[in-house]
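There are 2 protein chains.
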Amino acid sequence: MQHLRHCQGLARVSLIGTQRTYLVKGAAPAVTTCVGPLSVRWQSHGNHGGQSGQAHTGLSPRWRHLIAGLVAGTGAVLAYGLYNNQAERAATSIEPVTPSSFPIYSQNEVTKHKTLDEGVWVTYKGSVYDITNFISMHPGGDKILLAAGGALEPFWSLYAVHGQDHVLEILSEYKVGELSPEDRMKQLKMADSSDPYSTDPERHPALHVNSLKPFNAEPPAALLSDNYITPNALFFKRNHLPVPRVDPKTYKLEIEGLPGRPVSLTLNDLKTRYPKHTITATLQCAGNRRSEMNTVKQVKGLNWGIAAISNATWSGARLRDVLLDAGYGPEVAAKARHVQFEGLDRDVTGTTYGASIPLVKAVSEIGDVLLAYEMNGEDIPPDHGYPVRVVVPGTVGARNVKWLGKIVISEEESKSHWQQNDYKGFSPSTDWDTVDFKSAPAIQELPIQSAITQPADGATVDRSMEEVTVRGYAWSGGGREVVRVDVTTDGGKTWHIAQLQNSEKGQEPASSPPPGQAWAWKLWEVTVPLPTETQELEIMCKAVDNSYNTQPDTVAPIWNLRGVLSNAWHRVKVKINEDNEEEE
Amino acid sequence: MQHLRHCQGLARVSLIGTQRTYLVKGAAPAVTTCVGPLSVRWQSHGNHGGQSGQAHTGLSPRWRHLIAGLVAGTGAVLAYGLYNNQAERAATSIEPVTPSSFPIYSQNEVTKHKTLDEGVWVTYKGSVYDITNFISMHPGGDKILLAAGGALEPFWSLYAVHGQDHVLEILSEYKVGELSPEDRMKQLKMADSSDPYSTDPERHPALHVNSLKPFNAEPPAALLSDNYITPNALFFKRNHLPVPRVDPKTYKLEIEGLPGRPVSLTLNDLKTRYPKHTITATLQCAGNRRSEMNTVKQVKGLNWGIAAISNATWSGARLRDVLLDAGYGPEVAAKARHVQFEGLDRDVTGTTYGASIPLVKAVSEIGDVLLAYEMNGEDIPPDHGYPVRVVVPGTVGARNVKWLGKIVISEEESKSHWQQNDYKGFSPSTDWDTVDFKSAPAIQELPIQSAITQPADGATVDRSMEEVTVRGYAWSGGGREVVRVDVTTDGGKTWHIAQLQNSEKGQEPASSPPPGQAWAWKLWEVTVPLPTETQELEIMCKAVDNSYNTQPDTVAPIWNLRGVLSNAWHRVKVKINEDNEEEE
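Order-wise, the sequence lines are chains H and C.
Each residue of the first sequence is one higher than the one before, starting from 1 at the first, in the numbering used here.
Each residue of the second sequence is one higher than the one before, starting from 1 at the first, in the numbering used here.
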């Protein structure tokens with residue numbers, strides 16, 4: 001950051017090894033994602049003359065992530081933060097056309113300029129730009145040609161990173177004309193419908209939205225522990241791309257990598273050819289509780305609270321049954337190691353969301369991996385993968401691919417950004433300068449987790465009550481059952497053992513799941529006395545699973561640059577209100 | 001403790017609900033094991049007149065555990081601490097016979113008194129005791145009748161708890177005569193051969209012995225990390241009972257609980273009828289690193305250091321193959337849940353060591369449970385289960401039953417003390433007054449673990465070296481692979497990532513195990529700079545496995561009354577020697 005600030009203008013940054021160069025301006029926003037360590041050449045220009053140099057580590061991490069985010073290749077850009085007023089305005093508002101000395105072009109004229117030979121023109125907000133000389137510098141590479149001869153708005157609305165002042169400033173350098181008023185009106189009419197998020201479903205107003213496009217939201221923590229089964233509307237939403245609208249009548253699931261011809265299954269096939277299997281399983285985002293990591297040091301990612309976790313019943317065909325039916329056998333088992341999933345949600349280049357799980361989990365008799373078509377007894381809602389999603393119980397949310405389009409049995413993990421360069425854990429001392437994504441395994445099973453949902457952090461409890469009831473959830477990955485939750489109000493000197501609940505309140509407790517198949521969380525509750533000598537109380541909880549793994553005491557030693565796997569003891573501070581004295 | 005001290009003599013203690021009463025004296029040693037909360041009635045007598053009362057919690061935990069230990073029923077007494085000079089002397093030495101006013105009895109006369117009707121007599125060190133009135137008060141219950149008409153020594157040598165002054169004092173009250181000198185000599189000659197530990201094998205002198213009878217020992221920590229595969233002689237030993245001497249020619253393994261007649265297999269059957277399967281697997285005692293818990297608050301159990309863990313290659317028949325061959329199928333799977341193992345090691349009542357594992361682990365295609373007959377390419381040594389032991393990789397040592405005699409497929413866990421009332425984890429706030437062993441699951445998979453083997457705690461490193469090389473081991477249960485070890489020398493501000501080693505030093509690294517089958521530890525090493533400003537250095541390590549579980553920061557929050565599952569960050573303090581200054 002400081003490095004480029006010295007340039008006082010624009011910098012031409014080329015990523016060594018990528019042959020890509022980009023112009024960036026001093027004030028960059030924190031952005032999105034990364035692709036590992038980069039060496040960067042930079043050259044400033046603009047009003048104050050040029051400077052140039054080469055930096056392998058000289059650029060601040062923040063800058064390098066911006067660049068990395070822009071470069072991240074096909075499908076690699078996480079468009080979180082896309083809910084950006086600038087981008088929205090760009091796509092929908094009409095701005096006054098000021099007289100200019102630029103020539104007027106019709107859309108037809110612009111459309112003729114689609115190749116490097118004829119020059120590449122684009123339009124943006126009624127202006128025409130010849131970006132031919134910029135193509136080789138575009139951090140997103142050839143993807144820029146998708147907009148050749150047309151408007152930038154539909155593409156920029158997909159990638160929040162473009163909705164920044166410095167990008168507009170770069171663009172302005174390439175302006176060659178104005179679009180004719182008639183063609184501009186046509187474009188604006190199209191803008192609304194070209195927003196890929198325009199068909200996203202309605203959401204529940206109680207959700208706390210972390211990002212609108214793509215939609216990422218969590219329920220209020222207090223509501224979370226009200227129900228053992230989270231209602232669909234309140235189930236946390238974590239989308240990476242726009243929600244695809246899939247016609248169940250024409251839906252096809254392709255299966256590749258098995259002997260013989262690829263298999264194609266309709267929704268009806270899935271519902272009728274395989275036994276309907278139902279499990280109750282908790283899904284958790286790898287970034288749940290990321291906000292606590294931010295208190296140690298800023299990380300990259302959505303600022304999730306403690307509610308990027310929810311519990312539902314899921315029904316569908318067992319992936320094992322489908323694979324066996326489709327030709328899976330010892331011959332495949334001898335070679336293949338992974339099952340890759342591709343979603344039907346795709347970015348502007350057509351790259352779909354993707355992830356993979358170990359084959360051994362997919363075919364395990366006790367793995368319970370589902371091609372689910374029902375969530376809590378209803379068709380899976382659009383936000384959760386309608387008509388078919390994978391449910392990989394015990395495994396991080398990111399592998400539970402929604403809007404499932406394709407299954408590939410393979411010797412290799414998914415090549416997707418989300419499998420290779422995201423959703424991995426690192427040492428607290430690993431930073432964006434030193435991170436090697438190949439050095440860590442993709443997150444699959446998640447570690448033991450628990451959190452306090454009530455009282456909320458900062459809440460006030462009444463001294464006259466003499467005690468406080470603490471509630472929360474606890475869950476562990478890999479089918480490991482939570483066996484105990486301990487709660488302390490004296491800094492860990494004494495611990496209160498919480499009552500665990502594995503069914504809706506007031507219902508009979510469910511029977512204990514078989515070993516290795518405890519997919520669902522436990523809610524818990526314990527009432528502890530209020531201390532008499534203090535006006536503030538810190539409540540902490542920790543859970544233990546049946547492998548006797550337990551949560552680490554503190555956040556700092558598990559801090560990691562992506563802010564995933566945040567599972568230290570959960571802490572809330574509450575104030576004790578002395579209002580009973582006033583009543584006397 | 002204080003409670004009984006007031007009695008200034010003997011107390012008659014009856015355990016409410018058990019109808020057993022015992023006489024105990026003020027100064028009790030810390031003993032062995034427990035069976036949950038007890039209510040106790042007490043009545044003092046002796047020189048200073050009687051007192052009586054009833055205490056549900058009035059007795060100190062130490063007392064109650066003594067009592068619990070004595071009561072612990074068939075096979076429930078853990079004879080740790082059995083290496084007791086008194087007990088040894090009792091069994092082997094000749095003491096001068098002092099003239100006494102007691103009548104002289106022959107062994108024949110004593111032998112006639114074996115029943116309550118005729119009176120129960122026993123001998124001890126040449127004296128004869130009529131213990132008829134004591135039978136109902138014996139905390140060990142009817143087991144005492146095993147000694148009726150004979151010598152106590154062979155039984156007391158098995159249970160260290162009797163080798164205490166107060167027990168002798170109680171016994172003295174029941175003295176009725178002296179054994180004839182001829183019969184006493186005969187007894188003494190037999191004593192040596194009646195020591196059930198007399199046929200225990202020779203052990204390596206480098207081992208640190210925690211208990212001689214039964215034998216429990218660990219290698220020096222520094223030696224542990226010298227070899228990726230621990231040599232058999234240095235592999236930690238954890239016996240619960242005397243080592244049985246098993247004749248491989250007559251050895252039979254019984255299998256019950258499957259359809260049809262029980263199956264009986266010879267050693268040759270195991271070696272020839274099933275494929276020989278070899279795995280490298282680390283075994284760890286649940287009590288490894290217990291000594292660190294003792295620094296928080298004293299726990300009950302052997303004071304293990306950090307080396308109750310070792311790594312070996314094991315070869316044998318897969319339990320899955322044997323069970324399938326013996327009739328295991330869907331019919332059994334539908335009902336049974338556990339596989340119980342019985343050892344051929346037995347206590348004086350004939351009760352064998354026992355444990356069980358979940359059936360799902362036993363029959364899993366990737367569970368790798370072995371009926372092992374080789375350890376590191378040799379016949380399994382006597383201390384490790386010759387001729388056949390179970391190896392349950394990823395699972396606590398206690399379930400890896402040695403000298404395997406019987407397998408029972410069952411709907412229930414093993415009823416053994418070690419499955420039901422030991423080897424379980426509890427909250428730090430659970431004490432011997434409140435513990436309910438039914439409330440916690442038997443330990444199976446162990447949590448993530450790591451420790452520093454070099455430098456040793458308290459070692460001195462040379463300032464002139466400017467850096468120190470830190471070595472250790474890391475392992476996790478359930479086949480979860482260790483993916484990272486972090487080491488800090490500044491209290492956790494910065495972490496150094498250690499190099500992991502999954503084969504002998506200097507050899508090619510082994511290929512990565514399939515998911516869920518990482519049974520072997522990783523050794524690790526990292527060289528860190530010595531700080532310039534301090535003369536003492538605290539080195540800490542923590543490991544992470546591929547479910548991203550990590551070790552808790554500190555010991556106190558995972559402290560538990562049995563001192564098991566001790567896996568907080570390992571800490572060693574070293575001194576930095578300034579001797580290079582002297583050289584100048």
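A couple of the hints might just be wrong.
Said to hold, decoys possible - Restraint-style ranges between C-beta atoms, simulated for each label pair:
# : chain 1 : residue 1 : chain 2 : residue 2 : range
1 : C       : Pro259    : H       : Pro275    : 23 to 33 Å
2 : H       : Pro275    : C       : Glu202    : 23 to 33 Å
3 : C       : Pro259    : H       : Leu324    : 42 to 52 Å
4 : H       : Glu508    : C       : Thr272    : 43 to 53 Å
5 : H       : Met465    : C       : Thr554    : 54 to 64 Å
6 : C       : Glu202    : H       : Leu324    : 47 to 57 Å
7 : H       : Lys249    : C       : Ala510    : 44 to 54 Å
8 : H       : Gly491    : C       : Lys493    : 20 to 30 Å
Hints in this document: simulated from the structure, not taken from any laboratory.
Backbone N, C-alpha and C fix where the C-beta goes; we use that ideal spot for every residue, glycine too.
Checked hints:
{"no.": "1", "hint": "Pro259(C) <-> Pro275(H): 23 to 33 Å", "verdict": "holds (26 Å)"}
{"no.": "2", "hint": "Pro275(H) <-> Glu202(C): 23 to 33 Å", "verdict": "violated (59 Å)"}
{"no.": "3", "hint": "Pro259(C) <-> Leu324(H): 42 to 52 Å", "verdict": "violated (26 Å)"}
{"no.": "4", "hint": "Glu508(H) <-> Thr272(C): 43 to 53 Å", "verdict": "holds (52 Å)"}
{"no.": "5", "hint": "Met465(H) <-> Thr554(C): 54 to 64 Å", "verdict": "violated (32 Å)"}
{"no.": "6", "hint": "Glu202(C) <-> Leu324(H): 47 to 57 Å", "verdict": "holds (54 Å)"}
{"no.": "7", "hint": "Lys249(H) <-> Ala510(C): 44 to 54 Å", "verdict": "holds (52 Å)"}
{"no.": "8", "hint": "Gly491(H) <-> Lys493(C): 20 to 30 Å", "verdict": "holds (22 Å)"}
Checked against the numbered hints listed earlier, the structure breaks hints 2, 3 and 5; every other hint is satisfied.
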